[in-house]
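Visitor: Please put together the full structure from these sequences, using the hints given.
Number of protein chains: 2
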Amino acid sequence: MRGVAIAGVGLCSVGEHWEKSIRDLFSEAAIKAFDEAGTDEIDALYVSNMGSATHQRQLNLGAMMADALGKRGIAALRVEAASASGGVAFHEGVKAVASGLYNCVLVGGVEKMSDVLPAEVKSSLAMSEDQEYTAYTGITKVGLSGLIHRHYMERFGAGAEEIAMFAVRGHDHAVGCPHAQYPFKTSIERVMASPMEADPIHMLECSGIGDGAATILLRPSDEMVDGVEVASTAVATDVYYLTERPDILTFGAVEKAAGKAFKAADLSNGDIDVLEVHDETTITGVISLEDLGFVEKGKGAAFSAEGGTAREGEIPTNTFGGLKARGNPVGATGLYQIAEIYLQLQDKAGPCQVNDADVGLAENLGGLGSTCAVTILRRG
Amino acid sequence: MRGVAIAGVGLCSVGEHWEKSIRDLFSEAAIKAFDEAGTDEIDALYVSNMGSATHQRQLNLGAMMADALGKRGIAALRVEAASASGGVAFHEGVKAVASGLYNCVLVGGVEKMSDVLPAEVKSSLAMSEDQEYTAYTGITKVGLSGLIHRHYMERFGAGAEEIAMFAVRGHDHAVGCPHAQYPFKTSIERVMASPMEADPIHMLECSGIGDGAATILLRPSDEMVDGVEVASTAVATDVYYLTERPDILTFGAVEKAAGKAFKAADLSNGDIDVLEVHDETTITGVISLEDLGFVEKGKGAAFSAEGGTAREGEIPTNTFGGLKARGNPVGATGLYQIAEIYLQLQDKAGPCQVNDADVGLAENLGGLGSTCAVTILRRG
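As they're listed, the protein sequences go chains C and Y.
Position 53 of the first sequence, counting from 1, maps to 53 under the numbering used here, and the rest follow consecutively.
Position 333 of the second sequence, counting from 1, maps to 333 under the numbering used here, and the rest follow consecutively.
These are computed hints drawn from the structure, not numbers from a lab.
In this text, all values refer to a predicted model and were calculated from it rather than measured experimentally.
Some hints could be false.
Short derived list, chain Y residues pointing at chain C, Cβ under 8 angstroms [stated by the list, open to error]: (1) 1; (2) 57; (3) 75; (4) 80; (5) 82; (6) 92; (7) 123; (8) 130; (9) 137; (10) 192; (11) 306; (12) 367.
Yeah, the Cβ is synthetic: ideal placement off N, Cα and C, and Gly gets one too.
Guide: Put into structure tokens, the structure is as follows:
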């Protein structure tokens, strides 16, 4: 297979875009990527989205967005893997170019949730776990995360504040990020004083509801100079139900996807200079650090709280704020993550820039860790 | 890219499966494919489905079905392109094997609509055209097809019965098909006497509502003997809105996808021995014959009515009944079509068998022809 590189990215600011449709948001992000790449030539389009069927009562987004971009005729489709839709669509897009079947592929994610009833958003998030056995009991997705969070504290003796610091770090990093939904600092006191969302998870430990779109333009690497190469992408799954897993504190899909991605790229954890993890809540961020292999099991919360994930820390993590502070427009989130790694490796991260990053990794979760996409990028 | 072959297929009977969940149906079809192939080894799973978010309130079907099959850990995702989901997922699955990234890929589609309110099914079909500009006017998807149907009659002087004969042919072919929803003959009199669904389309010119699942197991062709090879797959899109097309009687996506597929396979219409077209209503079947290049524009209805599409005709079409008589479990339909071509080329079509078929083509439409997937198979 041939090498694949990123020719440009386009990011809408994450926020409440009451005046824009999913078509508007998607087009805005696509045009930004075309502008950066200096070309709008594409022969295939991968759209990632989770909830448009229930949120906008809209399907067939591939053809819709191809048409919106004036690219009528090209191959286009939608990929859905709950909140991992973005990372998984990227995997498909990379394969499309690597195989030689397509030459210029746009992978774009979009999600719009502000103008949807909160109960409907909660319900659509619950659809990523099992309706028949789990959701009908009434537990929300954050409720399920609460079980993990509580168990993590008990087994490893982690403090509530230690885990919650993951959110504070995210906010630290989002300051100055032009596309972040919450580009301001917060404090551990404010996080701990926020209402309980699902005991022991506080509201300010959860990623919020927002609208956004992110696009990435892919080309064969031999047609690029000064680009960022896709070193590898991998997708893996895990036991679907939280209750059936041998250990709810380990995301098997993360271990497997990371293992495959590292192997394919011939790299290891020590090679990674900048990292994006899926901190849907603080505890999923903490466990991700561990299951990706950056920290020993049970040490993730302390590692983050002590600054290991800070911009100048051992492994700068979620350097634009992560899901918590950049925002989590679900079906687009995985592409925000990959685009942010790209910006770091291109020295285009502005006030969020880390030093001397040559290789970066993004981890995107769907369901309660039942799907994981891992992407590794490196300077070309 | 390496060659890809079909190692086995699995088809649930299309019908009203009140007692089975989407997980049950999918698993049943997958196990049948594993049985035929003599192996259940897979390293990636592509699930095609249109409406599970609104019909079952369920997303993340990739991880869900991987788990249901006991294949926890593999890469898995869902592809959605409205009623073209199956053909498009097949395109992705073939690419996955062709690229060398995966070795054994299962592509499976599932849809369950019997236990959903009819208004909800209609609404979810309308989601494949535009909500904002089209569906909110109240027109159904069949209503849009009615515009095409009426215009076709007027421009080409086609008779209502001539077009309706497409449904009668489908029923002729379904007799004896073990997986068909309506495996019995009908008559032009019965079709014309059925209620108007959307003038001038009669109820018996429309595909019905049904549940089903179809799976196809893919392997590299050099690992197969006596297999059926994937000669090519192609996906294309068209202007999204019916009202903005230069000519509503031409499906541009079909012309483009067919052109790409024929070119990639180095074949032409004359090489095709057996055909599956997307007769969601009779008129979409008729126009498909034309835009695929088998009949001159405006002659499709007469060609079919006069027997050109019959089992012993010039180009045997929809040899298991098509969407009308085999049934249309939307997200799975494209895979039923491809599996049926496979059965013909393997001489496994039983009472539906055509003679001496070496090459077959399946055409799968999404939206109102805004997405098209074309697949060409040939004896290995």
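Visitor: Evaluate each hint against the coordinates.
Guide: Hints and how they fare:
1. 1: Hint holds; residue 1 of chain Y Cβ to chain C Cβ min 6 angstroms, cut 8 angstroms.
2. 57: holds, 5 angstroms
3. 75: For residue 75 of chain Y, the interface hint holds, since the closest Cβ of chain C sits about 4 angstroms away, which is under 8 angstroms.
4. 80: Nearest chain C Cβ about 5 angstroms off; hint holds.
5. 82: holds, 4 angstroms
6. 92: Result: holds, 6 angstroms to nearest chain C Cβ.
7. 123: holds, 7 angstroms
8. 130: holds, 7 angstroms
9. 137: violated, 14 angstroms
10. 192: Interface hint status for residue 192 of chain Y: violated (32 angstroms vs cutoff 8 angstroms).
11. 306: This hint is violated: residue 306 of chain Y lies away from chain C, its Cβ roughly 33 angstroms from the closest one there, beyond 8 angstroms.
12. 367: holds, 5 angstroms
Violated hints for the displayed structure, listed by number in ascending order: 9, 10, 11.
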